Amino acid sequence: MRRIYTLLIAVLLFTSCSAHKSVVSSSKASKNNKTIQKRNRASITGHRDYTSLEYIERFKAIAIQEMNTYGIPASITLAQGLFESGSGNSDLAVIANNHFGIKCGSTWAGESYYKDDDNVNDCFRVYNNPEESFRDHSEFLKKKNYARLFELDKNDFRGWAYGLKACGYATNPKYPQLLLNIITKYQLDQYDRPEGELAKIKREDRVLGEINQSINQPQQDSITKTAPDDKIYTVKQGDTLYNISKRFGITVDELKALNKLSDYGIKLGQKLVVVK
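Sequence positions in the sequence shown follow mature numbering (1 follows the signal peptide of the UniProt record, and there is no 0) and run -21 to -1, 1 to 255.
By construction, these hints were calculated from the structure, which means they are not laboratory data.
Watch out, some of these pointers could steer you wrong.
In silico DMTMM-like pairs for lysine to aspartate or glutamate, Cα to Cα no more than 25 angstroms straight-line [claimed, not checked]:
#1 Lys144 <-> Glu63
#2 Lys17 <-> Asp115
#3 Lys235 <-> Asp168
#4 Lys153 <-> Asp95
#5 Lys94 <-> Glu111
#6 Lys121 <-> Asp96
For each label pair, taking beta carbons as the anchor points, the in silico distance ranges come out as [stated by the list, open to error]:
#7 Asn98 <-> Ser241: 32 to 40 angstroms
#8 Asp242 <-> Thr213: 33 to 41 angstroms
#9 Gly147 <-> Ser22: 12 to 20 angstroms
#10 Gln166 <-> Asn108: 20 to 28 angstroms
#11 Asn107 <-> Ser5: 25 to 33 angstroms
#12 Glu176 <-> Thr24: 46 to 54 angstroms
#13 Glu174 <-> Asn238: 16 to 24 angstroms
#14 Asp242 <-> Asn107: 15 to 23 angstroms
#15 Ser31 <-> Leu240: 26 to 34 angstroms
#16 Thr213 <-> Ser241: 45 to 53 angstroms
#17 Ala40 <-> Leu157: 18 to 26 angstroms
#18 Ile23 <-> Asp232: 50 to 58 angstroms
#19 Ser22 <-> Asn238: 49 to 57 angstroms
#20 Thr163 <-> Val2: 40 to 48 angstroms
Keep in mind the model is a prediction, meaning the values are calculated, not measured.
Every residue gets a Cβ at the ideal spot worked out from N, C-alpha and C, and that includes glycine.
Assemble the whole structure, with the sequences as input and the hints as a guide.
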């Protein structure tokens, strides 16, 4: 009986692992990679290894731009780029302009580069230039499971470092500390900038709205489904005090006062009084 049970477990494990293996043959992956390498031969041949400081100098401007657009601390973007791409010198960075190790996923429609990672011939995204990689990094994070990170201050690099791990970006249990060590070593937080309360609310409302649209789950109009005598609203994914206040026709300050809130932070599932 024990032997049958052991064999059954082995079969289940094999089936599970096989389901995650790449479906691309090694010959097809090799042919594809040679095409990418041939097309990018000039940049590959002309590549000169960056030092970490040179990498920071080269990409700090776009990291700041992404921070100002989406609220991801520039220090986090730079630290991830340094770590994931080996300061821009990894095969993926040099050949595929992929600085964050982002895999193809089911929605990727662009070119691919195959490389052994979790599985043989894992599929990675190919970009025309490094700037596209930085932009796609921001777009990649605009997913439901990372949504709460965009409610952090845009200079809260510690919150982002631990939040990325908690939200499933990396499996390495030391990933937050790895990022924080890089940020400290190169003083990357010098590129982060605070934002005013109103700017933060507007940025949250815009980015979280984009996240909701991307997952085809637009927020419902709570007013039409709230009985006149119902004074309680339950916070849903993507909500901010700003968009809740607009929905119920009160100001953010009134919403804060009604719920005795000391700041703008709210949590998924939290009950809020929305009627004076």
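Status of each hint after checking the structure:
no.	hint	result
1	Lys144 <-> Glu63	holds (14 angstroms)
2	Lys17 <-> Asp115	holds (24 angstroms)
3	Lys235 <-> Asp168	violated (31 angstroms)
4	Lys153 <-> Asp95	holds (22 angstroms)
5	Lys94 <-> Glu111	holds (20 angstroms)
6	Lys121 <-> Asp96	holds (24 angstroms)
7	Asn98 <-> Ser241: 32 to 40 angstroms	violated (48 angstroms)
8	Asp242 <-> Thr213: 33 to 41 angstroms	violated (20 angstroms)
9	Gly147 <-> Ser22: 12 to 20 angstroms	violated (32 angstroms)
10	Gln166 <-> Asn108: 20 to 28 angstroms	holds (27 angstroms)
11	Asn107 <-> Ser5: 25 to 33 angstroms	holds (26 angstroms)
12	Glu176 <-> Thr24: 46 to 54 angstroms	holds (50 angstroms)
13	Glu174 <-> Asn238: 16 to 24 angstroms	holds (23 angstroms)
14	Asp242 <-> Asn107: 15 to 23 angstroms	violated (42 angstroms)
15	Ser31 <-> Leu240: 26 to 34 angstroms	violated (42 angstroms)
16	Thr213 <-> Ser241: 45 to 53 angstroms	violated (21 angstroms)
17	Ala40 <-> Leu157: 18 to 26 angstroms	holds (24 angstroms)
18	Ile23 <-> Asp232: 50 to 58 angstroms	holds (56 angstroms)
19	Ser22 <-> Asn238: 49 to 57 angstroms	holds (54 angstroms)
20	Thr163 <-> Val2: 40 to 48 angstroms	holds (42 angstroms)
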